[in-house]
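Those protein sequence lines, which keep their order, are chains E, R and X.
The first sequence begins at 39 in our numbering and counts up one residue at a time.
The second sequence begins at 93 in our numbering and counts up one residue at a time.
The third sequence begins at 9 in our numbering and counts up one residue at a time.
Derived list of chain X stretches under chain E, where covered just means 3 residues or more per stretch with a C-beta under 8 Å from a C-beta of chain E:
id, segment
1, 45-59
2, 179-185
3, 188-195
Hints are computed from structural coordinates only; laboratory data are not their basis.
Note that the structure is a prediction, hence the values are computed from the model and not measured.
Where a beta carbon is used, it is the ideal one built from N, C-alpha and C, also for glycine.
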Amino acid sequence: MRKYLRLLAIFYKNTLINELEYRLNFLSNMFLSLFWLTWAALSVRVYFFHADSIQGWTYYQTLIVMGLFFGMNGYRQMILTPNLSRISEYVRMGTLDYMLTKPVDSQFMVSLRNIGVYNWGDPLLGLGLVIFALAHLGVWPSPMQIVLFVVMLVAAAVLLYSLNLILQTTTIWLVNVERVDTLVQGLLETGRFPVNFYGGWVRAALTVIVPVAFMTTFPTQALLGRLNSSTALISVAAAIIFLIIASTFWRFALHSYTGASS
Amino acid sequence: MSIQVESLTKHFRVHQKEPGLAGSIRSFVRRRYETVRAVDDITFEIAQGEVVGFLGPNGAGKTTTLKCLSGLLYPTSGTVQVLGYTPAKRDPDYLGQFTLVMGQRNQLMWDLPAIETFLVNQAIYDVPEAEFRETLDELVALLDLEPLLKKQVRKLSLGERMRCELAASLLHRPRMIFLDEPTLGLDITAQQAIRTFIREYNQRTNATVLLTSHYMADVTALAKRILVIEHGKLRYDGDLQALIEQRAPYRLLRLTLDHAVDSADLNALGTIESRDGLEVTLRVPRGSTRDAAARALSTLPVEDVAIEDPAVEDIIREVFEMGEVNA
Amino acid sequence: MRKLLRVYTALLKANLSEALEYRAQIFLWLISSIFPLVMMSVWLALLSEAKQIAGWGQADFVSYYVGMILVNHLTGSWLLWDWDDDMRTGGLSTKLLKPIDPFHYHISGQLGWKALLVIFIVPVIVGVAVLSPLVTFPLNFLTSLTFILALIFGFILTTVIACTFAMLGFWSTQVRNVYQLWFGAGQFLSGFIAPLAMFPPAVRSIAYVLPYRGYLGFPLEILTGHLTWPDIEFGLITDIIWITIFFILYRMLWKAGLRRYEAVGA
Numbered sequence: 039m040r041k042y043l044r045l046l047a048i049f050y051k052n053t054l055i056n057e058l059e060y061r062l063n064f065l066s067n068m069f070l071s072l073f074w075l076t077w078a079a080l081s082v083r084v085y086f087f088h089a090d091s092i093q094g095w096t097y098y099q100t101l102i103v104m105g106l107f108f109g110m111n112g113y114r115q116m117i118l119t120p121n122l123s124r125i126s127e128y129v130r131m132g133t134l135d136y137m138l139t140k141p142v143d144s145q146f147m148v149s150l151r152n153i154g155v156y157n158w159g160d161p162l163l164g165l166g167l168v169i170f171a172l173a174h175l176g177v178w179p180s181p182m183q184i185v186l187f188v189v190m191l192v193a194a195a196v197l198l199y200s201l202n203l204i205l206q207t208t209t210i211w212l213v214n215v216e217r218v219d220t221l222v223q224g225l226l227e228t229g230r231f232p233v234n235f236y237g238g239w240v241r242a243a244l245t246v247i248v249p250v251a252f253m254t255t256f257p258t259q260a261l262l263g264r265l266n267s268s269t270a271l272i273s274v275a276a277a278i279i280f281l282i283i284a285s286t287f288w289r290f291a292l293h294s295y296t297g298a299s300s
Numbered sequence: 093m094s095i096q097v098e099s100l101t102k103h104f105r106v107h108q109k110e111p112g113l114a115g116s117i118r119s120f121v122r123r124r125y126e127t128v129r130a131v132d133d134i135t136f137e138i139a140q141g142e143v144v145g146f147l148g149p150n151g152a153g154k155t156t157t158l159k160c161l162s163g164l165l166y167p168t169s170g171t172v173q174v175l176g177y178t179p180a181k182r183d184p185d186y187l188g189q190f191t192l193v194m195g196q197r198n199q200l201m202w203d204l205p206a207i208e209t210f211l212v213n214q215a216i217y218d219v220p221e222a223e224f225r226e227t228l229d230e231l232v233a234l235l236d237l238e239p240l241l242k243k244q245v246r247k248l249s250l251g252e253r254m255r256c257e258l259a260a261s262l263l264h265r266p267r268m269i270f271l272d273e274p275t276l277g278l279d280i281t282a283q284q285a286i287r288t289f290i291r292e293y294n295q296r297t298n299a300t301v302l303l304t305s306h307y308m309a310d311v312t313a314l315a316k317r318i319l320v321i322e323h324g325k326l327r328y329d330g331d332l333q334a335l336i337e338q339r340a341p342y343r344l345l346r347l348t349l350d351h352a353v354d355s356a357d358l359n360a361l362g363t364i365e366s367r368d369g370l371e372v373t374l375r376v377p378r379g380s381t382r383d384a385a386a387r388a389l390s391t392l393p394v395e396d397v398a399i400e401d402p403a404v405e406d407i408i409r410e411v412f413e414m415g416e417v418n419a
Numbered sequence: 009m010r011k012l013l014r015v016y017t018a019l020l021k022a023n024l025s026e027a028l029e030y031r032a033q034i035f036l037w038l039i040s041s042i043f044p045l046v047m048m049s050v051w052l053a054l055l056s057e058a059k060q061i062a063g064w065g066q067a068d069f070v071s072y073y074v075g076m077i078l079v080n081h082l083t084g085s086w087l088l089w090d091w092d093d094d095m096r097t098g099g100l101s102t103k104l105l106k107p108i109d110p111f112h113y114h115i116s117g118q119l120g121w122k123a124l125l126v127i128f129i130v131p132v133i134v135g136v137a138v139l140s141p142l143v144t145f146p147l148n149f150l151t152s153l154t155f156i157l158a159l160i161f162g163f164i165l166t167t168v169i170a171c172t173f174a175m176l177g178f179w180s181t182q183v184r185n186v187y188q189l190w191f192g193a194g195q196f197l198s199g200f201i202a203p204l205a206m207f208p209p210a211v212r213s214i215a216y217v218l219p220y221r222g223y224l225g226f227p228l229e230i231l232t233g234h235l236t237w238p239d240i241e242f243g244l245i246t247d248i249i250w251i252t253i254f255f256i257l258y259r260m261l262w263k264a265g266l267r268r269y270e271a272v273g274a
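Looking at chain E on its own, in the form it has when it is part of the complex (with noise of 0.2 Å):
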C-alpha cells in the first residue's frame, strides 16, 4: 500500500516537473477553464430567458448541476484520460508489455500513472459555481447533507471510472479505436442539465442503461435535500458493483492479450 502512494508522489512529481516548465500553457489553460464555465453559465441563462423554472429546476438550482457536471468533466480530464484513454496506445507502442513485466498491479498503473495537470482548476471552479449558486438560493444544506453529497459524489467518480474502464479495455481487442474517449465525452454531455430535463424514456436510460443521472443529478438533489435514500443506496451499490465488474473485465482481457484463452 506504502509502495502504491509512494509511486503515486513520485509519478505525479514528475509531471509536475514536466509540466511547470509550459507555464504560458499554464495560464492560457487556467483562463480557458475561465470561460468555459461562463459559456456554461450564460448558455443555461438562455433557456431561463423563456421560463423561470423547467420541470421543477430553478436557475440557480440548474447551475449547482452544472457545476458539478464541470467539476466531474476536470476529473474526467485530469485522471481518466489521461490515463484509461491510453491503453490502445500503450498496446501498440508495447508500453503495456512494459507494465506487466514490472511487479505492480497493471490496473493501477493504467489507471493512475499520469495525470492532467492542465485541468486542476475545473473541480475547484465547479465546486466555485456550486457555492455560488447556493449562496443566491439562500439556501445552506445541513451538515447531513453535505455527508450525503460528498458520498454521491465519489460513487458518482467510482461510477464513471469503472464505466470508462470497461470502455478503453475493449481497445486491447479493437486497436484501432480512438473515439471511445468522444464517446464517453458525449454521453457525460447529458449531465449538464438535470435528468428531469429529458423526456422520459431518455431519463429512463440516463439512470438506469447509462447511469449519468448518477454523475451530477443525484449528487445535486442530496444538496438540496431532495435525494430519497433508496436512491442514495443505489447509487454506492452501483458504484461498488461497477467497479467490480470493470476489474475483472480487465483482467480477463489482459488474460486473453497474454494469448491464454487462444
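Go by the hints and put chains R and X onto chain E.
Then chains R and X, alone, in the frame of chain E:
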C-alpha cells in the same frame, strides 16, 4: 537449470488485409483470419550465468519466445519454467527477478532526465536506498553515464538512450536479463559499447543473459552458445564457433580487378562465389586465406582486396537447408 | 490541374481506405452526435409548460436539432488539429518537401471522412425525416439546391477559418486554445446553443452579419424552411464575403509564417 522450456508452441490468429479500395470494403464487411505459428515445438535448457544468443531472421519467433519467458504471452502448448516459476502466472516475486529490454522501445520518460526514471524504477522494485545507490554507481561507471544523467532523454542520441535504458532495467539486480534486439538501429561504436557492457555485467553478477538479434556481430561478441530459430522451429542449439567452422569452413575473398580475367585463373585460387563485372568473390578454405590473398595480389591484376567471413544469413540458410543440426 | 486531380484521387482513396479500417471508430463517431439532442431535450422540456416559444412548436425544435446533427457533420472539420499536430511534430517540414501545398494533404483527409459521413449519416437523417411526423424538412427542388450550396459554403468557411487560425501556429503555441475560445464564443451566435429565432432582434442582427452562422444556423434555417428568399440571398452573400476575408487572411499569414518557419527552423 534456470530456464527449462519444453515443447513450447505459440499460435496467433491474424487478420488478413487485402490491398486497394475494393479490398478495404471487402474486409470491412467480412474479416478473414489466418493462424500464424510463431513458435513451433521448441525445447531447450539454460543454466544460470550463461549468455545465450537467439539468432534468426525477422519474424522467426525469437521475440515470441522471449515474451513467453517474460510472462507476456501464454504458451499455446508446452511448458516454460524460469527460476522455478511459471512466467505466465506473473508472480510478483518472479517479476522482480528478471528484466526485459526491447530495442527501440522506450521505458524511459521522454521529457525528463534519465535519473528520474531510475528513481521511479527504484520505487517500483522496492529497492532499498543503500543498495540502489551502490547499484546505480556501478552502472553509471560501467556504462559511462555520468554526463548523461541530467540531460532530458529526448535530447540523447540513440546509443546514449540505450545505455540509459539498460541501466534503468538493471537497478533491481535481476538474475535474468532478456534483451530483444538491443542494438537495433545503433551505430557501430554504440553497439560495441553495449556488447562490452553486457559481457562485463554477466561476468560480475553471473546473471543469465538471453539476447535476440539478427546481427551476427552481437552474438559473436557475446554468446558462446546460440539457438537458431527459423519459422518458429529450433534449427540449432550449441556452440557458435563450432557451427561456423562446421558449416562454413571457408572465408570470402573479395577482389576488385583492373581488367577482366580468365575464369581458370580465378578457379586456381578458390571457388567462384559470385562475379559481377570486375568484382569477384571467391570462397577460400579457412586455413589458407592469407596464402590465397597473397597469390591473388601477385598473379592477378587486383586493384582492391578484402577478406570476409561469410554472412550469417548464408550460414543460417545453409543450416535450414540441411534441416536440424546437432551440436 | 489534371495532376492535382490525380493527387487528390490517390489521397482520397488512401484516406477512405484508412477510414474504413476503423469500423468501431466510425460507429462511435456516429454516436457522438449526441449533444444537439441534449439541447433539444431542454427546449422540449420548456415546451411542456408553454405551447410555443417565439413561435416555435415541438416539431420546429425537433426538426432543427435533428437537422443540426446533419449540418454539423457536413460542415465541421478538425482541420485545425491536423495542422497544429503537423506543425508541432515536424510533419510540416516533410510536407514542404513535396511539390504540392500541404493544405491538400489536410483537406483530402477531411474530404475522405466527409464522403463516409455522407454515406452513413444522410440516409439515417433522411430516414428519420421520412418516418417521424415531428421532423419535417420543407424543401423543394430549388431550396434543396440552395441548401446544398449553403452546406458547401459552410464547409469552405469552416475550412478557411481553421486554416487561418492554424497559421497562427507559426507564432504561438496556444493556437488550439485560442481556436476553442473563438469557436466556443461563436456557439452562441451560430445557432448552436439556441436557434437564433430565440434571441432578441438586436442579437439576431449581429449574428446575421458574423461568420458563425454560415456553417450552422444558415444552412439549418434553409433546411427547416424558416427563411425567405431575401434572407437566403443575404446569407449567401455574407458567406462569400467572410470566405473571401478569411481566405485572404489565411494566405497572407501562410506566406509570412513560412518565411518565419524557414528562418527559425522547425
